[in-house]
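Engineer: Sequence:
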Amino acid sequence: MKRWGIIGLSTMLLAGCTIFGGNDGAEQDVPEVEITDDSLSVIPPVASEENHYSSVLKDGAYLHGETRGYGVNTMNRSNLDWFELGLEEIAKDTFDPGSYYFQEGQHLTRGTVVNWINRYSDTNPDGLNPELGVDDEEVDLQESIDARKQNPLILRNILEHNYMQPSENGTYETEGIVIGLALYSVYSFTYEGTPDSQEISASQQEQAGKEAAEQIVERLRNGASALEEDIQDVPIVVALFDDKPSNNLNAGNFFMKGVFEPGQEGEWTDINETHIHFPSTDANNDYQYDADRFSKFQSDIQGFFENHVGVVGKARYEENRLAKLVVNINIQYKGKAEVVALTQFAASKAEEYFEEVPIDIEISSMSGVIEGIVSYYPDRDPFIYVTN
Numbered sequence: 001m002k003r004w005g006i007i008g009l010s011t012m013l014l015a016g017c018t019i020f021g022g023n024d025g026a027e028q029d030v031p032e033v034e035i036t037d038d039s040l041s042v043i044p045p046v047a048s049e050e051n052h053y054s055s056v057l058k059d060g061a062y063l064h065g066e067t068r069g070y071g072v073n074t075m076n077r078s079n080l081d082w083f084e085l086g087l088e089e090i091a092k093d094t095f096d097p098g099s100y101y102f103q104e105g106q107h108l109t110r111g112t113v114v115n116w117i118n119r120y121s122d123t124n125p126d127g128l129n130p131e132l133g134v135d136d137e138e139v140d141l142q143e144s145i146d147a148r149k150q151n152p153l154i155l156r157n158i159l160e161h162n163y164m165q166p167s168e169n170g171t172y173e174t175e176g177i178v179i180g181l182a183l184y185s186v187y188s189f190t191y192e193g194t195p196d197s198q199e200i201s202a203s204q205q206e207q208a209g210k211e212a213a214e215q216i217v218e219r220l221r222n223g224a225s226a227l228e229e230d231i232q233d234v235p236i237v238v239a240l241f242d243d244k245p246s247n248n249l250n251a252g253n254f255f256m257k258g259v260f261e262p263g264q265e266g267e268w269t270d271i272n273e274t275h276i277h278f279p280s281t282d283a284n285n286d287y288q289y290d291a292d293r294f295s296k297f298q299s300d301i302q303g304f305f306e307n308h309v310g311v312v313g314k315a316r317y318e319e320n321r322l323a324k325l326v327v328n329i330n331i332q333y334k335g336k337a338e339v340v341a342l343t344q345f346a347a348s349k350a351e352e353y354f355e356e357v358p359i360d361i362e363i364s365s366m367s368g369v370i371e372g373i374v375s376y377y378p379d380r381d382p383f384i385y386v387t388n
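Its first residue numbered 1, the sequence shown is counted upward by one per residue in the numbering used here.
FYI, nobody ran anything at the bench for these hints, they're computed from the structure.
As the structure is a computational prediction, the values presented were derived from the model and not from experiment.
Any given hint could be a false lead.
[Claimed, not checked] Just the calculated beta-carbon pair ranges, DEER-fashion:
#1 Val-186 to Asn-272: 15 to 25 Å
#2 Asp-379 to Pro-125: 52 to 62 Å
#3 Tyr-120 to Asp-300: 52 to 62 Å
#4 Leu-57 to Met-366: 34 to 44 Å
[To be verified] Capping the alpha-carbon separation at 20 Å, the derived lysine-lysine pairs in PhoX-like fashion look like this:
#5 Lys-296 to Lys-314
#6 Lys-296 to Lys-324
#7 Lys-296 to Lys-92
#8 Lys-324 to Lys-314
Cβ atoms here follow ideal geometry from the backbone N, Cα and C, with glycine treated the same way.
Start from the sequences, fold in the hints, and give me the full structure.
Structural biologist: Now the structure itself:
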């Protein structure tokens, strides 16, 4: 039987450990090159289960892209989180984290992205969403609404990531670009105070996404970049994201990616991933086995305290296999000893019911303050943290 130790979070952070366990202390390979531009540096690599990229820094600070924060106003939080993190996962198939460094997109400006996301029109010839097809001033209310349903917006957001490598001239250059295209599954709109919506089929998403991807790659290679840097010979990956409605418990997912090598057309492949909320009807209908064992886990955790304990989970499936489970436990407590005991108990139950599944468990108070963290990965001792 495995044993769990309780370590204060602040102590672990001072010790340089990560909440995801690490790879037995192994460091990632880092290209050796002399950097002569003193304003640029990279965050030293830290081993983690997720194998995250190290980031390029400018004058010791994280370098934000111009489009930073744009998605906050257009996508709900759960969709946006995976849109960003999932795009990094997709990048790893083409750009090895041991050889490339991450930087937020610098080639597309906010103005460029806004123009591309808007409808095509005489005044916005760069628009990648369909033309409305009518002049609102010349038709009645219903005709304007019908036009929006017949020609719905499909492209919702554009996200750019850059992957950098040291160059011979002593700086870092873009050697890979990954673009994420978020596509509406339901286009909701309000016109003249009248709300309406239009569902977007999977085939519509795919067609619109591929067409937009081809145009974006062509534009980037032909001068749309805000930088003087030559990216003609840079591989560009474009990933298509199914953006779920804001009232959907499940986060969106990537469903296709295209790899555009220099001078070649995109090579498209399907991505089989989905997100499921536990407990939910979708989980019961589509993943009965996992829904049943989560229900047992939930029941055991809720039976641990007399007070209310909320337990919900967010699962990611890859190729119909449970690849990651994130659990949020919300508790009412009166003493830290209770938190310690519950954290230990949750770790033991995670291993009991989900032995083969990576799990992160966050235990928080009713006010939202994080009190404990459990990180369990198969074949490794669980890591448990209780805040001081």
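Engineer: Now tell me if each hint is right for this structure.
Structural biologist: Hints, verified against the model:
no.: 1; hint: Val-186 to Asn-272: 15 to 25 Å; verdict: holds (22 Å)
no.: 2; hint: Asp-379 to Pro-125: 52 to 62 Å; verdict: holds (56 Å)
no.: 3; hint: Tyr-120 to Asp-300: 52 to 62 Å; verdict: holds (55 Å)
no.: 4; hint: Leu-57 to Met-366: 34 to 44 Å; verdict: holds (38 Å)
no.: 5; hint: Lys-296 to Lys-314; verdict: holds (16 Å)
no.: 6; hint: Lys-296 to Lys-324; verdict: holds (18 Å)
no.: 7; hint: Lys-296 to Lys-92; verdict: violated (35 Å)
no.: 8; hint: Lys-324 to Lys-314; verdict: holds (8 Å)
Taken one by one, the earlier hints fail for this structure only at number 7.
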